Amino acid sequence: MAETAHVPRSPGRVVVAGASMGGLRAAEQLRAAGWTGAITVIGDEPHMPYNRPPLSKDVLAGTASFESLAFTPRASAADVEWRLGTTVTSARLDERVVGLDDGTELAFDGLVVATGMRPRKLRCDGPSGPGSGRHTVRTLADARGLRDELTRPGVRVVVIGAGFIGCEVAATAKGLGVGEVTVVDPEPLPMLRPLGELLARSLHRRHEERGVRFALGAGVAGFEGEDRVTGVVLTDGTVLAADVVVESVGSVANTEWLDGNGLDLSDGVLTDEQLRVGGHPNVVAVGDVARFPNARYDGVPRRVEHWSIPTDSAKHAAKSLVAHLAGSVAQPAPFAPLPTFWSDQHEFRLQSFGAPALGIADVRVLDGHPEGDVLVGYHRDDRLVGVVALGGPAATTGAARYRAQLLARPALIS
Amino acid sequence: MKVVVDMNKCQDHGQCVFSAPDVFQLDDTGRLAYVSDPDDALRDEVEEAADVCPLQAIRIEA
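As you go down the protein sequences, you meet chains A and B in turn.
Using our numbering, read the first sequence as starting at 32 and increasing by one per residue.
Using our numbering, read the second sequence as starting at 12 and increasing by one per residue.
For reference, chain A alone in the conformation it holds in the complex (with noise of 0.2 Å):
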């Protein structure tokens, strides 16, 4: 055997744990920020990185493919090692050591958490499993199951939840062809939590006047049928004839791998303003995954699961850890996003900037008409915290002119 002498690994390895767009981003940003050393990616599905917008749009449609879906990773990220259907399922933070589905162990310098959320499934009798006629939609997996199922001739689909998911999926299935299509939700209008009533109405008109039908101000009390569901049982006694369920009733975070070492995961894994982990200056958190105060609002931690979140907390999140990889103690400034989102429903497109939410209590229509093309604005303490286009691409364009001043605010709470 040879003789070689003890080279520590110079300058060590990141591990990233989570595969999709934050899991790319953050090993790009690695590579962007300076990180030298190794990169190990661990994902639990089978693809590389993929789009996933596109699942309840374009890929249940059909007129999407899996290779238009995938991102195609910066050059610089070339070296980065994929560890594909392989499942983060424990780590200890203090040995800087994650424990893996096959049963290895993997050592680390810095961690990346970025393992996203899952769908809630609801937890009520009935048929369940593969097979039984009820979908989530998260996966490619999913949205391909989904299809199969939506282009059968005649099928009656009961959407559950009218969140963004929820609206999305009945858009489309309306557009396949689908003749019954009905959304329930406890609420008495769709989106009425993140969008304010004026914008929620706006939409429940658009898609009535598609022919989507609701049941709103109702939950769901169980599912009928024997191997297959047959049918939605609502919490007000009326039963819905339904061949497909699709729930879309919210998200999990995943991190029960991460359960013993003291974290705050109460809702997703609690962050500081520089994206780190529980007191851990190695460890830091991506995407929707991570609930971190946003120092443009309140200071308040929250998750945000906007498209935009992946990208700009993987930029911060890596520039955060190579700087404590590399020993410096130069803080940079907090993390402070500007979120953006967009939903395409029907022939028309939600394009919001800021955090509509935070100003729910004081909309006020900036531009057009609820009837049409409509641009509201949400205040809070009588400044703008965010703006919200409905319509064609007049008030999307409406809605960008809003953002620098958006930008511009300075903090609420300074």
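Check the hints yourself; a few may be wrong.
Unchecked claim - Straight line, CA to CA, 30 Å or less: simulated BS3-like cross-link-like pairs of lysine-lysine:
1) A:205 / B:13
2) A:88 / A:205
3) A:152 / A:205
4) A:88 / A:152
5) A:88 / B:20
As the list claims (entries may be wrong) - Covered stretches of chain B (in silico footprint by chain A; criterion: 3 or more residues with CB under 8 Å from a CB of chain A, positions within the stretch not fixed):
6) 24-35
7) 61-67
Source of the hints: derived by calculation from the structure; they are not laboratory data.
Everything numeric in this text was worked out from a predicted model, so none of it was measured.
For every residue, glycine included, the Cβ atom is placed at its ideal position computed from N, Cα and C.
Based on these hints, arrange chain B on the given structure of chain A.
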């Protein structure tokens, strides 16, 4: 640096315009126009624009 936008994918979200305003613009009708051979000094901006494109329609070649 060569920039290619797949105009079949592009849905005029305009996110790229915020990241790299010297390279990407929305015209008066809200459609995207862009510089296909921007100066290499703009590479960081263009990479960011490609990252934030909701349709992942922006490709950077060489």
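We went through each hint and held it up to the structure:
no. : hint          : in the structure
1   : A:205 / B:13  : 40 Å, violated
2   : A:88 / A:205  : 11 Å, holds
3   : A:152 / A:205 : 24 Å, holds
4   : A:88 / A:152  : 21 Å, holds
5   : A:88 / B:20   : 14 Å, holds
6   : 24-35         : holds (count 5)
7   : 61-67         : holds (count 5)
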